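Number of protein chains: 2
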Amino acid sequence: MNDSNTLKFKSLGIYTQHEHVVYMREDCHICISEGFQALTRLRITKGDISIVASLNVVRSDMLALDEIGLSEAAVKALTAKEGDEISISHLEPIDSLRHLRAKIFDHTLDYNAYGEIITDIVKGEYSNIHLSAFITACAGGKMNIGEISDLTKAMIASGERLRWGTDAVVDKHCIGGLPGNRTTPIVVSIVAAFGLTMPKTSSRAITSPAGTADTMEVMTNVDLSAEQIKKVVERENGCIVWSGTAQLSPADDILIRIERALDIDSAGQLIASILSKKASAGSRYVVIDIPVGETAKIRTKESAEQLKKDMEIVADSVELKIKVIITDGSQPVGRGIGPALEARDVLDVLRNRDGAPHDLKERALLLAGELLELSGKIGRGEGSKAARELLESGKAYEKFKAICEAQGRFTEPELAPYSHSVTADRSGIVSRIDNRKIAQLAKLSGAPRSKKAGVLFCAPLGKRVETGDVLYTIYAESEGSLRYALDYHHANSDIVTIQ
Amino acid sequence: MNDSNTLKFKSLGIYTQHEHVVYMREDCHICISEGFQALTRLRITKGDISIVASLNVVRSDMLALDEIGLSEAAVKALTAKEGDEISISHLEPIDSLRHLRAKIFDHTLDYNAYGEIITDIVKGEYSNIHLSAFITACAGGKMNIGEISDLTKAMIASGERLRWGTDAVVDKHCIGGLPGNRTTPIVVSIVAAFGLTMPKTSSRAITSPAGTADTMEVMTNVDLSAEQIKKVVERENGCIVWSGTAQLSPADDILIRIERALDIDSAGQLIASILSKKASAGSRYVVIDIPVGETAKIRTKESAEQLKKDMEIVADSVELKIKVIITDGSQPVGRGIGPALEARDVLDVLRNRDGAPHDLKERALLLAGELLELSGKIGRGEGSKAARELLESGKAYEKFKAICEAQGRFTEPELAPYSHSVTADRSGIVSRIDNRKIAQLAKLSGAPRSKKAGVLFCAPLGKRVETGDVLYTIYAESEGSLRYALDYHHANSDIVTIQ
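Protein chains in written order, with our numbering: chain A, 1 to 499; chain B, 1 to 499.
Chain A with its partners taken away, still in its complex shape (with noise of 0.2 Å):
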């Protein structure tokens, strides 16, 4: 390329997000020579580091002719500072781009064609547009068992994968749909102060308001690198930290992002998302519950059945011993939904406080019950005891407290400023809870980036209600906020049915 091709970057401080925009003139002598416009992509390298970028053309003076600039995801990604040369050229093509055409039309691709995809997705090559279009031709049954297996190992293979001293690396796993169940926490608490490994990564919230990761934040640091989270788990056995930023499985992160955008989970992302991070984080133990109800993410059996059936030919793949539990999932559990609500949960139960939620804390149990007995580390039958024995003797507070403060700090969870109850119109049993809309709910009042909004829910299935008693309070940051869940609480009188 020319060496002519360089400008010099400015500092302009626009954030979008994960997308690498550039920003030059128009009339500056690269886009004159090289033709480029709005939109072309462009590798922009400095240095030996190179990046693929989306280009804005500027009109105005907020950049000189010879003048570049780059959104702050950009900046990061090369490290680039005010006055440094940046070199442009036209974007080769991109070689992997033909799998994805492929499997827009319904081929069935292997294992090297995912391998390149992925690798092309972590190095930032695909537009939203391209991910977008991958995330929605690999949706809706559309990737055979096979393929799902592949893109499990190709997701494994584009990250690090951490190792650990010992066979006894156990996780969990929930899939989501259920809100405000928070049983991670809880279950790493009992399982680490048994003595087994649980280096437990954990996604921030896909379509819910609140994802693991989210609710800890609000409690401890998540953001640990590969290393610091080494440490945690040497020192205390235990984590529960973010995926993100320990570059486990790094092209999941970017997906989530767009099924995000799109409100879907297909169940092959899904395996392969869960599957990935679970063999990333060098676990060989996993126990995976999914709830089944009319509003969960799973509405019926039968597909719990199929996607558990699938799980394990996939984990069967990639050399994880996993136990499948499919669990009740009609109404939310706990009370709060909503990272910093769920946390206050999360403590009650740990804590064993008269009045904490009694179902998280049951679900906690079984798992790590499953948990302790599929480790082979305690007999059959004997698991659910030796967790209740832990978690009833403050050993797994302990236990949370000390794994918090090794992740750098413990902080007691708050509330957000501005609240709305809503009481019963009527007296009655609860009849009916729609799941979807509860977490549409706390979602509009703020939750997941508003860490101390959310919904506290008061009125479980079969619960005998007055005129007048509270139902569920909504929590919000801002007055906007608050005013936006209300909108929608009074378009949708069907949120929670009294009969």
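Just so you know, the hints here were simulated from the structure itself, not pulled from any lab data.
As the structure is a computational prediction, the values presented were derived from the model and not from experiment.
Just so you know, even glycine gets a beta-carbon here, dropped at the ideal spot from N, CA and C.
You may find that some hints are simply not true.
[Said to hold, decoys possible] Chain B regions said to be covered by chain A (calculated; three or more residues, Cβ under 8 Å):
1. 6-18
2. 51-59
3. 97-104
4. 126-133
5. 259-268
For chain A, the structure is supplied; the task is to place chain B on it using the hints.
Relative to the frame of chain A, chain B by itself:
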């Protein structure tokens, strides 16, 4: 919404193609009180005009705290002027996205669902991520024939529909993929000279080096309003304009940008795109040419027959009378590939020049003849002869110039300043031509954005060449583009095979 949610517009002059982007200071009162973050989708209102835009947050003094920036597409949509008050609010959920999600999961959609999706797309409510998912979810045979009809109808309903004072309104379409196949200007000239009405609206290139609109733009204006088109056609019986500015089937223009980024064309979208444009332009009789060849867009006789059958069913449902003809697509038509180069071929045929490309002429005559017959204004078997007479007498050329003048100008095409001729490295017979690679070469040289760029092709199938004979010449408007095309040429030795 709160009245305090307003900021003053400051012009930044950032071009993002069609995407609406809004720039706000991260620390402005709206971001703080509403909790907006990068890539939030927002509703932006000025007076009674309202659009959806993606937020890019700014952490520099590019904007003051009470100012808001907009991408140029958003400035245009809002007709915003420096200092205008712009109000910002949360985006209400986009209802039609549930249909999109259903389609991603392979459900069949009905007319109402396609109608809602297309309406929202035209309103600009879909981000590139949503648009890409829609294109992908509909690609590769995932729409049944009823859905393709419904999508076509929805696309017709989304824009203006032209009416003409006559029933004898004809049109033609060639299913692309065949470099240089620029029969349209010739066919329109013949048919309009005959006295039929042919209000031709053409696309710009989707994945090819030139669309008819790109080629015509070299010689005349193609961005005409519906009103201007009407005047041209009333005066000259015909026009050859870009379909975009006329607001006929506007969804199509948005979707085509995404298809171009993905470099795909799928049958369902293809049919809906073509037939919605024809019906919107008020056509009644349409001849459709499907060139078939190993490296053309349609590769086999079988898929051409399937496409023909599907098009006939959909055409019937939108009251178009069509004739589909399947032709030889084994090599480029004419000699030029790229807007200006193709324009020169067109003029040579219309001017009856010695050495005018014979294949282009004969194809144009075939199509014009079929159109004359399909309209019923001439007897069966008479069309081809009448067409030839109109062309060879110079009447078609007179009509062409008159149409160009009516559209605003007639300009003689010029070639790009940088060129390189590729010669035969052995003697023999040209036995195979890779149309896709020829097209790729023309695109890398800058076509269709650089109008004068492209490939002049001199080695048709079956031609005897000697070592050193020119096979093709690459034209480019900049050294960078020429170099880039040559890199591709060097990496691909099988563009022309000599045996």
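Do the hints match the structure? See the list:
no. : hint    : in the structure
1   : 6-18    : holds (count 7)
2   : 51-59   : holds (count 4)
3   : 97-104  : holds (count 4)
4   : 126-133 : holds (count 7)
5   : 259-268 : holds (count 5)
Violated hints: none; the structure is consistent with every hint.
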